[in-house]
Each structure stands twice: as C-alpha cells, then as structure tokens.
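Student: Residue numbers (this note's numbering), protein chains in the order written: chain A, 1 to 181; chain B, 1 to 216.
Note that these hints are calculated values from the structure, not bench results. Quantities reported herein were computed from a predicted structural model and do not represent experimental measurements. It is possible that part of the hints are untrue.
[As the list claims (entries may be wrong)] Rough simulated footprint, nothing fancy, chain A against chain B, three-plus residues with beta-carbon under 8 Å: (1) 2-10; (2) 40-54; (3) 57-67; (4) 152-163.
A virtual CB, placed ideally from N, CA and C, is assigned to each residue, including glycine.
These are the residues of each chain, in order.
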Amino acid sequence: MTRSEPSPDWADIMHRIHKDRDEAAFASLFGHFAPRVKGFLIRSGASNGLAEECVQEVMTTVWHKAHLFDASRAGASTWIFTIARNKRIDALRRQRRPEPEEIGWGPEQEPDQGDILALSQETEKLAVAIAELPEKQRFLVERAYFAELTHSEIAAETGLPLGTIKSRIRLALERLRHAMK
Amino acid sequence: MGQIKHHLSDSLLMAYAGGTLSEAFSLVVATHVSLCDECRARLGEFDVIGGCLLDRCESVPVATDALARTIAQIGGGVQEHAARTRCGQPGDLPQPLHDYTGRNLDEIRWRPMGGGVSQMRLATSSGATARLLRIPGGTRLPDHGHRGLELTLVLSGAFHDEDDRFTPGDLEIADQATQHTPHADAGQDCICLAATDAPLRFRGIVQRMAQPFLGI
Chain A
1 MTRSEPSPDW ADIMHRIHKD RDEAAFASLF GHFAPRVKGF LIRSGASNGL AEECVQEVMT
61 TVWHKAHLFD ASRAGASTWI FTIARNKRID ALRRQRRPEP EEIGWGPEQE PDQGDILALS
121 QETEKLAVAI AELPEKQRFL VERAYFAELT HSEIAAETGL PLGTIKSRIR LALERLRHAM
181 K
Chain B
1 MGQIKHHLSD SLLMAYAGGT LSEAFSLVVA THVSLCDECR ARLGEFDVIG GCLLDRCESV
61 PVATDALART IAQIGGGVQE HAARTRCGQP GDLPQPLHDY TGRNLDEIRW RPMGGGVSQM
121 RLATSSGATA RLLRIPGGTR LPDHGHRGLE LTLVLSGAFH DEDDRFTPGD LEIADQATQH
181 TPHADAGQDC ICLAATDAPL RFRGIVQRMA QPFLGI
C-alpha cells in the first residue's frame, strides 16, 4: 500500500475543537472521519438512512465530548472509533454498553507532548502492520470489528472451521503486538 | 485488590472492543477492567486496532448538508459533564456493576437459590444472563459442566476448583470443555459476578431436577 500524504495532526485539531470551539477544525475532522464512520456503520449492517443519522450523532458527540479527549491516552481515530462503536451498539442492537470506570487523571492537566508523540508513532506502526497483514488474517480481524460477528458466526458465514478462524486471528494479533514493540 | 492472576482472554477483549459481546458478558469485562490495570492496557491496544481499521475503512459519502446539519445540532448544546471517576469508598462495587445493582454490596437483597447459595439477578438484554452470587465460606457448588460460555469474576472472598484458586479481581472463563466443582474458601462468603449464555449442566440427578427452580 502506498501512502499518499502525511495525515493531519488530529491531536492539534481536537485541541482547537475543545479550546477554541473552532468550526473550521471541526469541518476538517468531519471531512476525514464522517465518511469512514458511515462506511463502518454500513458494513455493520446499517441502512444508508440510519448510518447517515448515526454519523451526525457521532460527530455531535465528538464536539460535545472534545474536552474528554486526551491525546496522550488515545489517538483521534481510536477515540472516534469507540464513540462510533457505542453508537452502533445503541442504534443497531438496542443494548446498553457497560463501560469500565474511568481512572481520574485530573481533567485540566495538559497532556505530555512526549506521550502524544510516542502514542501516535505506535498507532502509525500498528496501521502499517494491519495493512501488511496477510489478506486472510486481516479479513477475519475486520469481520470481528465491523460485521458484528462472533467467531462462530464467522465460521458459519465463511465455512471455515472455528479452529482455523481462531488460529488466524491469534497469528494476526501476534504480528500486531510485535509491530507495536 | 491483591495480585490478579486470572485475566481476560484476547478473544473476550477483542469482542468487547469490537462491540460484539452480549451485554451480560460486557458487564463482566467492564467490571474486570475496572479492577485490573493490565487488562485495561490490553483493552487499549484492541481499541487502537479498531481505530486503525476505522481509519482505513472504505469511505461512504455523507449527505452534502451533513456537516451543516451537524453544526446546527451542535449549536447551543452544552458540554457533557466530566467522566465518572472511581469513588474509592471501601465496600463499593465497581461503577459499571453498581450501575446494574443500583446499590452497594451490603445493601443487596439476596434471594436464596438452594444449598446456602443466594443470588441477585441483573437486568441485561437477552443472549446471556448476569447475576451476583453469594456462596457461604466452605460451600461446595454441585459438580457442573457448561453448554456455553460462563464467566465468573470474584468480588470478595475466594473460591478454588480442582486446578486453580480465584481471589478478588480474578476471572474464571469456563466453556463446554470445563467440568469443575467450585468450592468457596473456608471463612468469608465468596461473592462473584457471573454471566452465562446457556444454562449450567449439573451432573447429579437431584440438581438436574431442581435446576428449573433455581433459575440457572
């Protein structure tokens, strides 16, 4: 896979959304993530109409919760993924999502620049490792995240034995962990 | 919380991160992660994978007025209040579990299940059930196997079976292959959060007959 251009500094853009309530910054974040969130929801089984509605709710949540985003603990794509996933559980499965307790870090503490850099480098390495996974392995990891399928359901859908699915996912995770070391 | 020795598996963490676990199992995962920094860090890695997959996900164009409508929705809205933080009072249940019990451990209204064991059922969506179990110290549960997946998280006290011992924060993962006889340690009551997606299968005929009444 070729990389066309360096990705924007999402941490800075999130900071501007939080501190300055900067609509232009929000528009650039929206331009990148809204179509991806919509693709994610449609791959998860949402209709076009429902996906469109959910995208707007997800991006509204991003705006309202921008003060909770901590660039030293999670990248913007990770953070937006968790919001989109929770919206999907709520909208498509009509379930509550029990979340772990937050650890108090002190909300107004400025995140450490070194931590932000380390995290974004780690995320970048992981993105490359995912792109370089053998197709068979990446396909199964994507199914697990996007298609709302359990391992047994993937087995039924693909006709692959459950053991094969589990071992391919295990191999994929080993590669991804290795990449993040 | 002492040293936690029995942790979440990769497949449970990935299913929780991917949002495919049923609510009862998600409650056990969220409660364990609230108690276990190691699994919290591992879960963070699975969320990062989700973020990377979202980033490389095939885009589907949004409506031309989607941004304008979103900004209109935002207008006048207030920032949501800060995240919930650990309350840290002894005897309190971890927040995700407290959200389901609505009360602290010493205020739970326990319902007897037979054999000295009592329970509080927790309301979750269908697919799997969750309950708090109180097993008096020294009590042996009937020998049982499992038709599906069963997660048991120790909150206080301890239990052991043929192979292992489980203390507060420890999670036991049992599936079709597991046949065991859990035994609460002598002394303190053992209180657990348990979730299962299938009825337990007891070996003894008496327990099998009693099963429909016990509701497990």
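Student: With reference to the structure, classify each hint as holding or not holding.
Tutor: Quick rundown of the hints versus the structure:
Under the rule that three or more residues need a Cβ within less than 8 Å of chain A, the assignment of the region 2-10 of chain B is violated, with 1 such residues. Judged by the Cβ-Cβ criterion of 8 Å, the region 40-54 of chain B is covered by chain A as claimed, because 12 of its residues qualify and three suffice. A stretch counts as covered by a chain when three or more of its residues have a beta carbon under 8 Å from one of that chain; for the region 57-67 of chain B and chain A the count is 9, and the coverage holds. Counting residues of the region 152-163 of chain B whose beta carbon lies closer than 8 Å to any beta carbon of chain A gives 0, which falls short of the minimum of three for the stated coverage.
Checked against the numbered hints given earlier, the structure breaks hints 1 and 4 and satisfies all the rest.
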